[in-house]
Amino acid sequence: MSKASAQAASPPWDDASITAIRRDMLRFARMQLRDAAAAEDMVQEALMAAMTSAKSFAGRSAFKTWMFAILRNKIVDHIRASSREICGSDLVGSSEMDAGLEAFDVLFKRGGHWNPEDRPATWSDPEAAFEQDAFWTVFDICMNNLPEHIARVYTMRELLELETAEICAVLGITSNNCFVILHRARLGLRVCLENRWFQGEAR
Amino acid sequence: MKMMSCKDATRLMSERYERTLALRERLSLKVHTAMCKGCSNYGQHLDVLRQATARLREGDTGGER
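Taken in sequence, the protein lines are chains A and B.
According to the working numbering, the residues represented by the first sequence are 1 to 203, in order.
According to the working numbering, the residues represented by the second sequence are 1 to 65, in order.
Don't take every hint at face value.
The calculated label-pair distances, taken between Cβ atoms and stated as ranges, are [claimed, not checked]:
1) A/A169 to B/L27: 31 to 41 Å
2) A/T122 to B/R19: 26 to 36 Å
3) B/L23 to A/M51: 43 to 53 Å
If you want the footprint, here are the derived chain A segments under chain B, 3+ residues with CB under 8 Å [said to hold, decoys possible]:
4) 40-51
5) 65-76
FYI, nobody ran anything at the bench for these hints, they're computed from the structure.
Here the structure is a predicted model, which is why all the values come from computation and not from measurement.
All residues carry an ideal CB built from backbone N, CA and C; glycine is no exception.
Based on the sequences and whatever the hints tell you, model everything.
Next comes the structure, spelled out in C-alpha cells:
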C-alpha cells in the first residue's frame with residue numbers, strides 16, 4: 001500500500017476535528033441519557049474505542065458518521081446492560097407509564113378537531129433549518145422540555161433506532177403504552193418546534 | 001363513513017411509524033388528510049422530525065462537516 005492511500009484511510013485525529021465532533025457527540029449523548037456525567041463517560045468510552053479500533057475505520061464512511069455509530073453502540077450496550085436497574089427504578093414504577101396525553105387535549109375542540117389557533121401551520125424549508133446551528137439549539141430545548149420518561153422512549157426509538165418491541169421489553173411497558181408515549185413525544189416536539197422556530201421563520 | 005377526528009388522525013400518523021396500519025385505518029386517514037390542511041401539515045411535520053433525528057443519529061447537524 002502506498003503511503004498516500006494509507007494516510008487517506010486513517011481517521012483525522014487532529015485536535016480541531018475531534019473537539020468539534022466531541023461537542024456534537026456530547027449533545028447527542030446528553031439528549032439520550034439526560035445525565036451530563038453519564039454522557040461524558042459514554043463519549044469518552046466511544047473516543048477510546050474509536051482510537052483502539054482505528055484500523056476498522058478504513059475510510060469506508062465519513063469519520064463523524066463512524067464515530068457516531070460507535071457512540072450509539074456504546075449507549076445501546078449501556079441501556080441493555082442496565083435494563084434491570086431501569087425497570088427497578090421509579091422511572092418505571094408501574095407497568096404503565098403516564099404519557100400525559102390529556103395535556104394535549106386543549107389543542108382540540110370538543111369534537112376532536114383542531115382549535116383554529118393550534119392547527120399545524122405550513123413549515124417553510126426545514127432543509128435550510130437543518131443547516132443552522134440555532135435550529136439544533138432549539139431542537140435541544142424542545143427535547144429537554146419533554147418529561148424525562150417520554151424523552152427516554154422517544155430517543156431510544158429515534159436516536160438509537162431500537163425496535164418498539166425491544167424498548168417495551170427493556171422498560172417493561174406494553175406496546176400500546178409505548179405507542180402512546182411516542183405519540184405524546186411527537187405532539188410535544190412538533191408544537192415546540194412550530195412555536196420556537198418555524199412560526200418566527202414563516203411570519 | 002363518519003370522518004375521523006384530528007385527534008385520532010394525529011395518533012394514527014404517529015403509530016404508522018410503529019406498526020402497519022390496517023387497510024381501514026389507512027383509508028380513513030387518507031380521506032381525512034385530503035380534507036384537513038392541519039392534519040396534512042401535521043403528517044409532514046412528523047416526517048421533518050424523522051429527518052431531524054436521522055441527522056442527529058449520523059452527527060449531521062449543520063455547522064462544520
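Cross-check of the supplied hints:
Roughly 32 Å separates the CB atoms of A/A169 and B/L27, a value that falls within the hinted 31 to 41 Å. For A/T122 paired with B/R19, a C-beta distance near 28 Å keeps the hint of 26 to 36 Å intact. Taking 43 to 53 Å as the suggested C-beta distance range, the pair B/L23 and A/M51 conforms, at roughly 52 Å. For a cut-off of 8 Å, the count of residues in the region 40-51 of chain A with a CB near a CB of chain B stands at 0, and the three-residue condition is violated.
Remark: the region 65-76 of chain A is confirmed as covered by chain B, as 4 of its residues place a Cβ nearer than 8 Å to a Cβ of that chain, reaching the required three.
Violated hint: 4 only; the structure is consistent with all others.
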